[in-house]
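Whole structure, please, built from the sequences with the hints as guidance.
Chains as they are written, first to last, in the working numbering: chain A, 984 to 1291; chain B, 1320 to 1539.
If you are wondering where the hints come from, they were derived from the structure by calculation, not from laboratory data.
Take these hints with a grain of salt, some might be off.
Okay, the calculated beta carbon distance ranges per label pair [said to hold, decoys possible]: (1) Lys1285(A) to Glu1392(B): 16 to 22 Å; (2) Leu1281(A) to Ser1341(B): 39 to 45 Å; (3) Ala1387(B) to Arg1207(A): 28 to 34 Å; (4) Pro1455(B) to Ala1266(A): 56 to 62 Å; (5) Ala1266(A) to Ala1387(B): 46 to 52 Å; (6) Ser1431(B) to Ser1199(A): 21 to 27 Å.
Below are the DSSO-like pairs computed for lysine-lysine, each with C-alpha atoms no more than 30 Å apart in a straight line [what the hints assert, rightly or not]: (7) Lys1091(A) to Lys1051(A); (8) Lys1083(A) to Lys1129(A); (9) Lys1372(B) to Lys1285(A); (10) Lys1203(A) to Lys1285(A); (11) Lys1203(A) to Lys1083(A); (12) Lys1390(B) to Lys1203(A); (13) Lys1428(B) to Lys1390(B); (14) Lys1428(B) to Lys1285(A); (15) Lys1289(A) to Lys1372(B); (16) Lys1285(A) to Lys1091(A); (17) Lys1051(A) to Lys1083(A); (18) Lys1372(B) to Lys1390(B); (19) Lys1289(A) to Lys1504(B); (20) Lys1203(A) to Lys1372(B); (21) Lys1129(A) to Lys1051(A); (22) Lys1428(B) to Lys1203(A); (23) Lys1289(A) to Lys1390(B); (24) Lys1008(A) to Lys1203(A); (25) Lys1008(A) to Lys1289(A); (26) Lys1285(A) to Lys1390(B); (27) Lys1504(B) to Lys1428(B).
Calculated Cβ distances over 10 Å to all of chain A for the following chain B residues [stated by the list, open to error]: (28) Arg1329; (29) Ile1378; (30) Asp1391; (31) Trp1443; (32) Leu1491; (33) Thr1517.
Beta carbons: idealized from backbone N, C-alpha and C, even for Gly.
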Amino acid sequence: MKRFSRHSQNASSPRLVNSDSVANKALVFVIAIMTFLGTLTGGAASLVRDASVEWSSSVAREMTIQVKPLLGRDLLADIALTRQIALSSPGVLQAIATSKEESSAMLKPWLGSGLELGDLPVPILINIRFDRSSPPDALTLATNLKAQLPNVVLDDHRTWASRLYALANGLVAVAFVVLALVLAAMTLAVAFATRGAMAGSREIIDVLHLVGASDSFIAKEFQRHFLWLGIAGALSGGGVAIASFGSLGWASRSWMSTPGGDQVEALFGRFELGYVGYAHILAIACMIALLTGIISRLVVRKQLQKSP
Amino acid sequence: MVRFENVGLRYGSGAEVLRDVSFSIEPESFQFLTGPSGAGKTTLLRLILLSLKPTRGLIRLFEHDTAALAKDEVTSIRRRIGVVFQDFRLLDHLSTYQNVALPLFVQGKNESSFRAEVLELLRWVGLGERVNAFPPTLSGGEKQRAAIARALIVQPELLIADEPTGNVDPSLARRLLRLFVELHKTGTSIVIATHDITLMDQFGSARRLVLGDGRLHIYD
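Structure below.
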């Protein structure tokens, strides 16, 4: 009471809806949880989207040619011819064959260490890098290779990338659905809290009406009250979400330096949000605070319309 | 200013609380509304304040038919009426100053435009030292005076007071009546609902509206 009194005496317009109640504190807590869940979902969607953009960007400037060892053919000559054909294609900048050591490192997680590649018919991969603005025609390059080298396969990653991209888009869509459900649940919580606050303030509303307050004025008072609750809840929830993503980013930076971490990073990218991701979290928190104010105003207006 | 024609009111499916009530309140008039407890005095005042709708009959307030009023018209009519409730109805979480200034706050007026006026009125009703006190710490008489000050601050055309001297000693009751008489001299119409015959005798020239058995009898 003392805290409220001091505040209201200093304000030019007193707070007409009593802000000291257990229900208010519970609502701030609910809004904080909803904001945390909402921003967590939004942040996760942002991570997935960033990873998919990274895949697309890598795929957009690389292709791989697989040279299979074939009985009766000189593998080294085939590699040299493949590189020559690839480099003669317009737009191709580099054609780098993987060394035995690199192939051994790639196969190590599946076949173990101490691998002797000479004993196995392991294909050699040639990584083709090209200019993104003028990529080579994959079909023509594949035809040219096939004409001279029956043991060569060109993989332009498009099938693989399109599947991953569809998966990423699906995950982002699911995140939006979850966010919408969180917002719907929060809308219901605020609507019920507003009705509860109105029931608890029936006497105040009655007096306000009788001293000449319009419905719009009363709705504005409730909106002001719930907007502050929304801001308090959204900032708390958003703050915890930002701290969580920050901690996750820090933890992932330490973990990514391990061999397993490198594989995960290659596939999923870094667990770091970046400025855009944090901006999304702040935007979601602001939207939830605003939504809280707007919902309370609408509920109050609707309830007051029913009164005589 | 106020005109009731054959007004009847019943709560739910019960018997009529008010029956065929017809009267008018003219500008600059002074009247007491009296009758036994449960006669319907507060109900009649609530009809004037538009917080109840009649079951039948016609009520006109400031030349408006109340049956056809839009919400914003109800608000503008209420701003022309000052009201002192029997149970004061001060807001406990607001200071005495804020309670008295409430009708001005809700009209969106800037505090700097009325602060001096509110403080002057609080001094006039003897609450100059209780400006920052909160209703739970005020005595019954102080609450009564704060409620009266809240009704007067907008200089209403019509003042309605429900048992305004019910919680005060005879000396303060006389002072409060003088306050209403002073207000009446400035052109405000006054309706005071009371049981207090002594109070009514102190202003014998006032019209008396007497409620009994749901009907209204007028003694000019």
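A quick look at each hint next to the structure:
1. Lys1285(A) to Glu1392(B): 16 to 22 Å: Holds, since Lys1285(A) and Glu1392(B) (Cβ atoms, about 20 Å apart) stay within the stated range.
2. Leu1281(A) to Ser1341(B): 39 to 45 Å: Hint holds: Cβ distance 42 Å, inside 39 to 45 Å.
3. Ala1387(B) to Arg1207(A): 28 to 34 Å: 33 Å, holds
4. Pro1455(B) to Ala1266(A): 56 to 62 Å: Violated, at about 44 Å.
5. Ala1266(A) to Ala1387(B): 46 to 52 Å: Cβ of Ala1266(A) to Cβ of Ala1387(B): about 47 Å, so the range 46 to 52 Å holds.
6. Ser1431(B) to Ser1199(A): 21 to 27 Å: 23 Å, holds
7. Lys1091(A) to Lys1051(A): Answer holds: Lys1091(A) to Lys1051(A) is near 19 Å, not above 30 Å.
8. Lys1083(A) to Lys1129(A): With Cα atoms ~24 Å apart, Lys1083(A) and Lys1129(A) stay inside 30 Å; holds.
9. Lys1372(B) to Lys1285(A): Holds, at about 20 Å.
10. Lys1203(A) to Lys1285(A): 13 Å, holds
11. Lys1203(A) to Lys1083(A): 73 Å, violated
12. Lys1390(B) to Lys1203(A): 16 Å, holds
13. Lys1428(B) to Lys1390(B): Satisfied, since the Cα-Cα distance of roughly 20 Å is no more than 30 Å.
14. Lys1428(B) to Lys1285(A): 26 Å, holds
15. Lys1289(A) to Lys1372(B): 14 Å, holds
16. Lys1285(A) to Lys1091(A): 67 Å, violated
17. Lys1051(A) to Lys1083(A): Holds, at roughly 14 Å.
18. Lys1372(B) to Lys1390(B): Holds, at about 13 Å.
19. Lys1289(A) to Lys1504(B): With a Cα-Cα distance of about 39 Å, the restraint between Lys1289(A) and Lys1504(B) is violated, given a limit of 30 Å.
20. Lys1203(A) to Lys1372(B): 26 Å, holds
21. Lys1129(A) to Lys1051(A): 12 Å, holds
22. Lys1428(B) to Lys1203(A): Between Lys1428(B) and Lys1203(A) the Cα gap is close to 15 Å, so the pair holds against 30 Å.
23. Lys1289(A) to Lys1390(B): 11 Å, holds
24. Lys1008(A) to Lys1203(A): Cα-Cα ~20 Å, so holds.
25. Lys1008(A) to Lys1289(A): Cα-Cα ~28 Å, so holds.
26. Lys1285(A) to Lys1390(B): 13 Å, holds
27. Lys1504(B) to Lys1428(B): 27 Å, holds
28. Arg1329: 15 Å, holds
29. Ile1378: 13 Å, holds
30. Asp1391: For Asp1391(B), whose nearest Cβ neighbour in chain A is about 6 Å away, the distance does not exceed 10 Å, so it is violated.
31. Trp1443: 19 Å, holds
32. Leu1491: The assertion about Leu1491(B) holds, with a minimum of 23 Å to chain A.
33. Thr1517: 29 Å, holds
Checked against the numbered hints listed earlier, the structure breaks hints 4, 11, 16, 19 and 30; every other hint is satisfied.
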